[in-house]
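Given the structure of chain R, go ahead and fit chains L and X onto it with the hints provided.
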Amino acid sequence: MSEENVIEVVELTKKFGAFLAVDAISFEVKAGEIFGFLGANGAGKTTAMKMLIGISKPSSGEASVAGFDVYTQTELIKKNIGYMSQKFALYDDLTVRENITFFGGIYGLSRSTIKEKIKVLVTDLKLENIIDQLVGALPLGWKQKLSFSVSLLHDPKIVFLDEPTGGVDPITRRQFWEMIYNAADQGTTIFVTTHYMDEAEYCDRVSIMVNGKIEAMDRPKRLKEQFEASNLNEVFLKLARNSKSD
Amino acid sequence: MKRFIGFVRKEFYHIYRDKRSLFILFGMPIAQILLFGFAITNEINKVEIAILDHAKDATTIEIINKMASSKYFSINRYLAAESQVEGVFKQGKIKAVINFEKDFGEKLIKNGQSTIQIIADATDPNTANSITNYIQSIIQQYNQSININQAGGTQVFMQTHMAFNPEIKSVFMFVPGVMTIILMLVSAMMTSISITREKELGTMEILLVSPLKPFQVVLGKVVPYILLSIINAIIIILLSIFIFKMPVQGSLLLLGAESVLFIITSLSLGILISTIAETQQTAMMISLMGLMLPVILLSGFIFPISSMPLPLQLISNTIPAKWFIIIIKGIMLKGVGIAFIWKETVILFGMTLFFMGISIYKYKIRLE
Amino acid sequence: MKTIGYLIQKEFKQIFRNKGMLPIIFILPIIQLLILSNAATYEVKDINFGYIDSDHTTSSRALIERFSSSAYFNLLPPFPSFAEANSAMLEGNVNVILEIPNNFERELINNKKTGLGLTVDAIDGAAAGVESAYVNQIVQGFNQSISLRAANRNNVNGLSGVITIIPSYWYNITLDYKTFMVPGILVLLVTMITLFLSGMNIVREKEVGTLEQINVTPIKKSQFIIGKLFPFWLIGLGLLTIGLVLAKIIFDIPILGSLGILYFYTAIYLLVILGIGLFISNFTETQQQAMFIAWFFIVIFILMSGLFTPIESMPKWAQVITTFNPIRYFVEVVRMVMLKGAGFTDILPQLWKNLAYAILVNGLAVFSYKKVN
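Residue numbers (my numbering), protein chains in the order written: chain R, 8 to 253; chain L, 2 to 369; chain X, -15 to 357.
Since the hints were made in silico from the structure, they are not lab data.
Here the structure is a predicted model, which means the values were calculated and not measured.
Watch out, some of these pointers could steer you wrong.
FRET-style restraints, in silico, Cβ to Cβ [claimed, not checked]:
(1) L:12 / X:248: 46 to 54 angstroms
(2) X:205 / R:67: 19 to 27 angstroms
(3) X:133 / L:71: 27 to 35 angstroms
(4) R:244 / L:20: 36 to 44 angstroms
(5) R:48 / L:216: 35 to 43 angstroms
(6) L:23 / R:23: 19 to 27 angstroms
(7) L:116 / X:95: 29 to 37 angstroms
(8) X:269 / R:147: 23 to 31 angstroms
(9) R:245 / L:279: 48 to 56 angstroms
(10) L:116 / X:133: 20 to 28 angstroms
(11) R:69 / L:212: 50 to 58 angstroms
So, partial list: chain X residues that the calculated Cβ filter (under 7 angstroms) puts toward chain R [what the hints assert, rightly or not]:
(12) -13
(13) -10
(14) -6
(15) 193
(16) 194
(17) 196
(18) 199
(19) 200
(20) 201
Lysine-lysine pairs mimicking BS3-like chemistry, simulated, CA-CA at most 25 angstroms apart [claimed, not checked]:
(21) X:-3 / R:126
(22) R:64 / R:220
(23) R:86 / X:190
(24) R:150 / X:-3
(25) R:86 / R:150
(26) X:300 / L:246
(27) X:354 / X:-14
(28) R:245 / R:220
(29) X:-3 / R:124
(30) L:20 / X:354
(31) X:3 / L:200
(32) X:-14 / R:124
(33) R:122 / R:150
(34) X:-3 / R:94
(35) R:164 / X:-14
(36) R:94 / X:354
(37) X:300 / L:67
(38) X:190 / X:205
(39) X:354 / R:64
(40) R:86 / R:124
All residues carry an ideal CB built from backbone N, CA and C; glycine is no exception.
The shape of chain R in the complex, shown without the other chains:
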């Protein structure tokens, strides 16, 4: 696995009026990493991610994703990344098959490629029974797995996951992370935001955002040592307490 950076962020900032949602953050993500972008709700994670995936313009700072600039080359970025939104946004009134076909199509995959992908997904995810059901009728866990698979359809270099396990039971969450590991093993970089601190343990490296700033960034093991905590949740609480007392 090469050690090149697929995401480089320098002093990235986003202001809404006087409110600093993202305050001059800097970090890099290496190819093939599972990078966890942690923080409490409202810490600025989603805002930061939106800038990286090219749907929000930064107020200042620099960033490049997959080698492309987030100010001037957003369309190229979008060709090379996948995205799974918080709402698992698939079309409720289309079937599983139709959703896959649609998203594959707009990423420019050929009909035969799409057919291949569907075959693989049916086997891997055991979709035989639901492939022709409307997505709206599926339980949340299925929507989640599907949403993730759709984001990978065009074999992107990087996949951005925004709170991918919200509202899903622990067993399904575990299964989902298996899927993430598989993708990472194939060389895909995973950028995942979450407020579940226990999931952070699954990542190669994590950063913790508090009030728009990155207050800590390292491998989970090292963070626990640094903060004398037994799990990342404690790390986070300590950080949060510190920032309150500032």
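Then chains L and X, alone, in the frame of chain R:
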């Protein structure tokens, strides 16, 4: 009771915070009243006509002058031949051509008879009919005037009084209609959307599980819109009175009471719609397409009901707006009291109970 | 190109799967076209005619006889006094009241001049004008016949004569209001449905979150917009077709002009409407807001389009405003082409304006659609 008030307050927050919708809710009635008051009228005014004068004598010139001085027409062109008529109509500006036959004045004196042809573009039958009638009146008056000078000519004078609307302001006819439409649409549509939104978002179940009784939930949803509609009604009435000098001959109190009754009728209709519609979109479309057009066209608002074919007249009886328009016109323009409109009031009352009854029935079915 | 194909396919699937909306898009307009075209008429007939005859002479009876034999009037039993007739008018049972004074015939014979009193319920000003004109015509007819008889009795020659008036109605010989209103209502329905559907559609994707998902893909703005608008454009043309078929079969509305011109114009007109819908959806957050704003503008546009009331009757300033109203031109073109057989050159002025609007509105809409915030 406190719970209920808390619930009503939440509903007010919803409405108040949606500034765009609020703007439309109040802006729409005002815009419509202004439009109808100042711009919309189906009376004809300065219609462009053309003259085809084969005679060009003193008589025709005199008749043409009388036409020119009428406020109904504007004489725009003089044609030279019949063949030009088609082209002129196709262009669309000229609505009628007055055709004087050759030697018009001479024939009138020598033969005691001559002919004028009024060629009207009847694609708009209303304009065609009105123009023809007005032209006929002018010609007949002229005819009578030249006949009086002969012995034996008689004159019948007509003294005409336009009751309830002496200056014939078209706004008098439209304002009651606009008020009715706005009240009905806002009340029915807003209520149905508000309830279906809770259904769609899933928060309806939360409300139903709460200690609030179902009828309290519905009532709480409806109360803010009653207030909004009353404010709307007041704005419309004030605008009519002060800008258009529309009278309120009858009792304001009665007007207010009947308006509240109608608002409640519309609200109950909205509730009924919300039991049928699953999504907000459906509720909106039913209210707009299924309610607005029929109400505008069948309630007597613009088109007189008596001129419609019988089946439509019967359907028009099922529309609450129709009865309310009669009530408003009666109170505002004719100054009648409850004695003259009790029938319509009872009908509105009955409709309200009917809509509520069905809604409750459907609701019970759902619960089972 | 293929991307657009995928977008369009998805849209159609969604539209036709929406079981609740399908009847509203197709069946409701049809029902409305059928019902409302029958309702929309300004024709004044069955005028409830009340009278008070204080004269009771041959002349007064002859006058009343003319009203009773007229197709316009519905003669009511005579009222004993004006107060009672007025009461009936307050109740809404009488449209016009004619008062014949008790010296009617005497004055006519002795002084050659006599008077009548007419009271018209003028709440509907336009109808009142027409009713009053009808009454006048009948009275003048009565007067003329008396004049002629008197002249013959006195053997007076050199009477100035009678002007015969021949009305001639073109394009709509029977003055059938349906002929006038059906094309207009068709315009109305096609416009409303296309506008509401397109406006709400994009906002719904915003509400649900799929719009964001699409914004992250490499889809170009133009591809997305074309993919969104094309299905509704087709639906608009489809509705026009259904409407025209119904108009011909059920109402026997003439289609004198070329259908090709009609479709060509509609195709461009729909682009304007869809553009407006798109524009609205760029600035609203919820479906309700989109719906409201669309409703607001549609009602104003339609009222000021000459559909129900003539533009010539509006004050000058209002007429100026209507020159910016695309619906006005569509109504004009549809009526001109269908009812008068207008040709391509006849509708050029409207066509140019329409084209300009299509470019302007869609340009604005595309420009204001932001993939990046």
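Discussion item. Using the nearest Cβ pair, does residue -6 (chain X) come within less than 7 angstroms of chain R?
Written reply: Holds. Min distance 5 angstroms.
- Message: For the hint 29 to 37 angstroms, verify it against the beta carbon of residue 116 (chain L) and that of residue 95 (chain X).
- Response: For residue 116 (chain L) and residue 95 (chain X) the Cβ distance comes to about 32 angstroms; the hint holds.
Would the stated hint for residue -13 (chain X) survive a check requiring a Cβ distance to chain R of less than 7 angstroms? Holds: closest Cβ of chain R sits about 5 angstroms from residue -13 (chain X), inside 7 angstroms.
Distance restraint hint 48 to 56 angstroms, applied to the beta-carbon atoms of residue 245 (chain R) and residue 279 (chain L): 49 angstroms, holds
Check the hint pairing residue 245 (chain R) with residue 220 (chain R) against an upper bound of 25 angstroms on the C-alpha distance.
Status holds; Cα separation ~15 angstroms.
message: Need the status of pair residue 300 (chain X), residue 67 (chain L): alpha-carbon distance at most 25 angstroms?
response: Judged against 25 angstroms, a Cα distance of about 24 angstroms means the pair holds.
**Prompt:** Are the Cα positions of residue 300 (chain X) and residue 246 (chain L) separated by 25 angstroms at most?
**Reply:** 22 angstroms, holds
Measure nothing beyond the straight line between the CA atoms of residue 86 (chain R) and residue 124 (chain R); if it is 25 angstroms or shorter, mark the hint as holding. 18 angstroms, holds
- [ ] Assess, step by step, whether the Cα of residue 94 (chain R) is no farther than 25 angstroms from the Cα of residue 354 (chain X), and give holds or violated.
- [x] 20 angstroms, holds
Notebook entry, point to check: Are the Cα atoms of residue 150 (chain R) and residue -3 (chain X) separated by 25 angstroms or less?
Noted result: 20 angstroms, holds
Worksheet item: Do the Cβ positions of residue 48 (chain R) and residue 216 (chain L) conform to the proposed distance bound of 35 to 43 angstroms?
Response: 37 angstroms, holds
Residue 193 (chain X) was flagged as interface toward chain R. Is the shortest Cβ-Cβ separation under 7 angstroms?
This interface hint holds because 4 angstroms falls under the 7 angstroms limit.
Hint compliance for this structure: every hint is met.
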